[in-house]
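**Student:** When you get a sec, could you build the whole thing from the sequences and use the hints?
Below are the chains, spelled out letter by letter.
2 protein chains.
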Amino acid sequence: MKSEKKLPSAVIKRMPRYYRYLTTLQQMGISRISSRDLGNRMGITASQVRHDFFCFGASGLQGYGYDVALLRQEIRDIFSLDDMFTVIIIGAGNLGHALAKYTGFEKNGYRVIAIFDIKPELIGEKINDVEVIHLDKLPEYAKENHVDIAALTVPEIRVLEVAKLVTDNGIKALWNFSPIEMITNEDVVVENIQMIDSLMVLGYNLRAAEADKAK
Amino acid sequence: MKSEKKLPSAVIKRMPRYYRYLTTLQQMGISRISSRDLGNRMGITASQVRHDFFCFGASGLQGYGYDVALLRQEIRDIFSLDDMFTVIIIGAGNLGHALAKYTGFEKNGYRVIAIFDIKPELIGEKINDVEVIHLDKLPEYAKENHVDIAALTVPEIRVLEVAKLVTDNGIKALWNFSPIEMITNEDVVVENIQMIDSLMVLGYNLRAAEADKAK
Chain A
1 MKSEKKLPSA
11 VIKRMPRYYR
21 YLTTLQQMGI
31 SRISSRDLGN
41 RMGITASQVR
51 HDFFCFGASG
61 LQGYGYDVAL
71 LRQEIRDIFS
81 LDDMFTVIII
91 GAGNLGHALA
101 KYTGFEKNGY
111 RVIAIFDIKP
121 ELIGEKINDV
131 EVIHLDKLPE
141 YAKENHVDIA
151 ALTVPEIRVL
161 EVAKLVTDNG
171 IKALWNFSPI
181 EMITNEDVVV
191 ENIQMIDSLM
201 VLGYNLRAAE
211 ADKAK
Chain B
1 MKSEKKLPSA
11 VIKRMPRYYR
21 YLTTLQQMGI
31 SRISSRDLGN
41 RMGITASQVR
51 HDFFCFGASG
61 LQGYGYDVAL
71 LRQEIRDIFS
81 LDDMFTVIII
91 GAGNLGHALA
101 KYTGFEKNGY
111 RVIAIFDIKP
121 ELIGEKINDV
131 EVIHLDKLPE
141 YAKENHVDIA
151 ALTVPEIRVL
161 EVAKLVTDNG
171 IKALWNFSPI
181 EMITNEDVVV
191 ENIQMIDSLM
201 VLGYNLRAAE
211 ADKAK
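Same order as they appear, the protein sequences are chains A and B.
Using the numbering used here, read the first sequence as starting at 1 and increasing by one per residue.
Using the numbering used here, read the second sequence as starting at 1 and increasing by one per residue.
Treat the hints as calculated values from the structure; they're not laboratory data.
A couple of the hints might just be wrong.
Which bits of chain B does chain A cover? Going by a derived footprint, with three or more residues having C-beta under 8 angstroms, they are [to be verified]:
hint	segment
1	28 to 35
2	63 to 74
3	119 to 125
4	187 to 194
Cut-off 30 angstroms, straight-line C-alpha distance, at most; resulting in silico cross-link-like pairs (DSSO-like, lysine-lysine) [stated by the list, open to error]:
hint	chain 1	residue 1	chain 2	residue 2
5	A	K107	B	K164
6	A	K126	B	K101
7	B	K164	A	K172
8	A	K101	B	K215
9	A	K126	A	K107
10	B	K215	A	K164
11	A	K119	A	K164
12	A	K164	B	K164
13	B	K107	A	K213
Just the calculated beta-carbon pair ranges, DEER-fashion [what the hints assert, rightly or not]:
hint	chain 1	residue 1	chain 2	residue 2	range
14	A	N169	B	E125	37 to 43 angstroms
15	B	E125	A	S47	46 to 52 angstroms
16	A	K213	B	K137	24 to 30 angstroms
17	B	P8	A	K6	22 to 28 angstroms
18	A	E144	B	R36	43 to 49 angstroms
19	A	L70	B	I30	47 to 53 angstroms
20	A	K164	B	I30	40 to 46 angstroms
21	B	R41	A	D83	31 to 37 angstroms
22	A	D136	B	K107	28 to 34 angstroms
23	A	E125	B	E125	39 to 45 angstroms
24	B	L160	A	R32	41 to 47 angstroms
Here the structure is a predicted model, which is why all the values come from computation and not from measurement.
Virtual Cβ for every residue (Gly too), placed ideally from N, Cα, C.
**Tutor:** What follows is the structure, given as structure tokens:
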């Protein structure tokens, strides 16, 4: 049972946040932590922490807590972070530039290896040492290089055709920044970044806090 | 009970996605939908749909389903989308530009009213008709204009000092794009966009799909 490793998707979604906290703890030189202390820092309950870690077979010792380095490495293993995933970015606009320049990806196991666009004036530009290549060359590029993930930062009206091009060329994972939501199927896994969702939650919590204060 | 409107945060987080689907349905001219049909489109179960809508007091009619326009308006009310929230962006780099140019915010009830930076060459630039103002002028600006939300797209090393400046000037909601996670407290509500979390989930699902195929 313990090593079956089919984790519930809700637990998987919460895991990156644990990983970030464990990384910070390790950087601070903290080698072990209780579920209560970790929960306090993260704003969740100790029992949630224990539940989530139990799901992937990690249990703390009574009176000792969790071994920070060990737990962090277990998460790295679950997420294959030591593999180094290869990522291409399609769309060298502002968002594509922002992603290409973000140093946190490589540090966490994701390497941007190419950026594609169709605008002649962008081709050949280097962003963080990564070259902008014409989208026409994607089929050739995908044959010669192993690409795990394509980040789609193209305009909304082009995203479906680009998604098709990408998956037709054997890329199996889409990181979609357009407002058009795509759904994972048997051929391709998708994560949609819907900026507006988080903004709506923020607006809701703001009005709720204002209402509380007014009481 | 029904109108207490203290919704569980997990339901609140799922609501924007329903809202997007309902908007699409309305645009397609579909006026009513069953929980099963909606669940199918969204890749969730019918009982999840019924549970979530029941939480805010909306129930479908047996054999009829939900009234799309009515349900959509209820979500608009819950999220105060007809209020029009005002948003400022701090940091006119690539990500700040991308946010300022994104047309989906205004359409959904969030208006970007100003962008702040400290680089002299950016001051006075207009992005989508919104002016870049020097950060030194933020206190004055916040006195003269009602600001609901500040989006923080500044470099990681500056984000805490900028967050302090913003909240010291009476802004109560932070939309934080830096990797440094901030936590909601009694004075300020925060939403953190952690790009890396979604990328980790995508990588996990990719490797899981590959392992399934290899079986």
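**Student:** Does each hint hold? Answer for all of them.
**Tutor:** Tested hints:
1. 28 to 35: Answer violated; 0 residues pass the 8 angstroms Cβ test.
2. 63 to 74: Since 0 is below three, the answer is violated.
3. 119 to 125: violated (count 0)
4. 187 to 194: holds (count 5)
5. A:K107 with B:K164: Given that 30 angstroms is the threshold and the Cα spacing comes to 28 angstroms, the pair holds.
6. A:K126 with B:K101: Holds, at roughly 23 angstroms.
7. B:K164 with A:K172: violated, 42 angstroms
8. A:K101 with B:K215: violated, 38 angstroms
9. A:K126 with A:K107: Given pair A:K126, A:K107 holds - Cα atoms ~20 angstroms apart, limit 30 angstroms.
10. B:K215 with A:K164: The given pair, whose Cα atoms are some 26 angstroms apart, holds under the 30 angstroms limit.
11. A:K119 with A:K164: Holds, at about 20 angstroms.
12. A:K164 with B:K164: violated, 45 angstroms
13. B:K107 with A:K213: holds, 29 angstroms
14. A:N169 with B:E125: 37 to 43 angstroms: holds, 38 angstroms
15. B:E125 with A:S47: 46 to 52 angstroms: holds, 51 angstroms
16. A:K213 with B:K137: 24 to 30 angstroms: Taking Cβ atoms as reference, A:K213 and B:K137 lie about 27 angstroms apart, which means the hint holds.
17. B:P8 with A:K6: 22 to 28 angstroms: holds, 26 angstroms
18. A:E144 with B:R36: 43 to 49 angstroms: At 46 angstroms between Cβs, range holds.
19. A:L70 with B:I30: 47 to 53 angstroms: Roughly 52 angstroms apart at Cβ, these two residues keep to the hinted range, so it holds.
20. A:K164 with B:I30: 40 to 46 angstroms: Violated - the Cβ-Cβ distance for A:K164 and B:I30, about 25 angstroms, lies outside 40 to 46 angstroms.
21. B:R41 with A:D83: 31 to 37 angstroms: The hint (31 to 37 angstroms, Cβ to Cβ) holds, given that B:R41 and A:D83 are roughly 34 angstroms apart.
22. A:D136 with B:K107: 28 to 34 angstroms: holds, 33 angstroms
23. A:E125 with B:E125: 39 to 45 angstroms: Since the Cβ atoms of A:E125 and B:E125 sit about 21 angstroms apart, the hinted range of 39 to 45 angstroms is violated.
24. B:L160 with A:R32: 41 to 47 angstroms: violated, 27 angstroms
Figure legend: structure checked against the earlier numbered hints; hints not met, in rising order: 1, 2, 3, 7, 8, 12, 20, 23 and 24.
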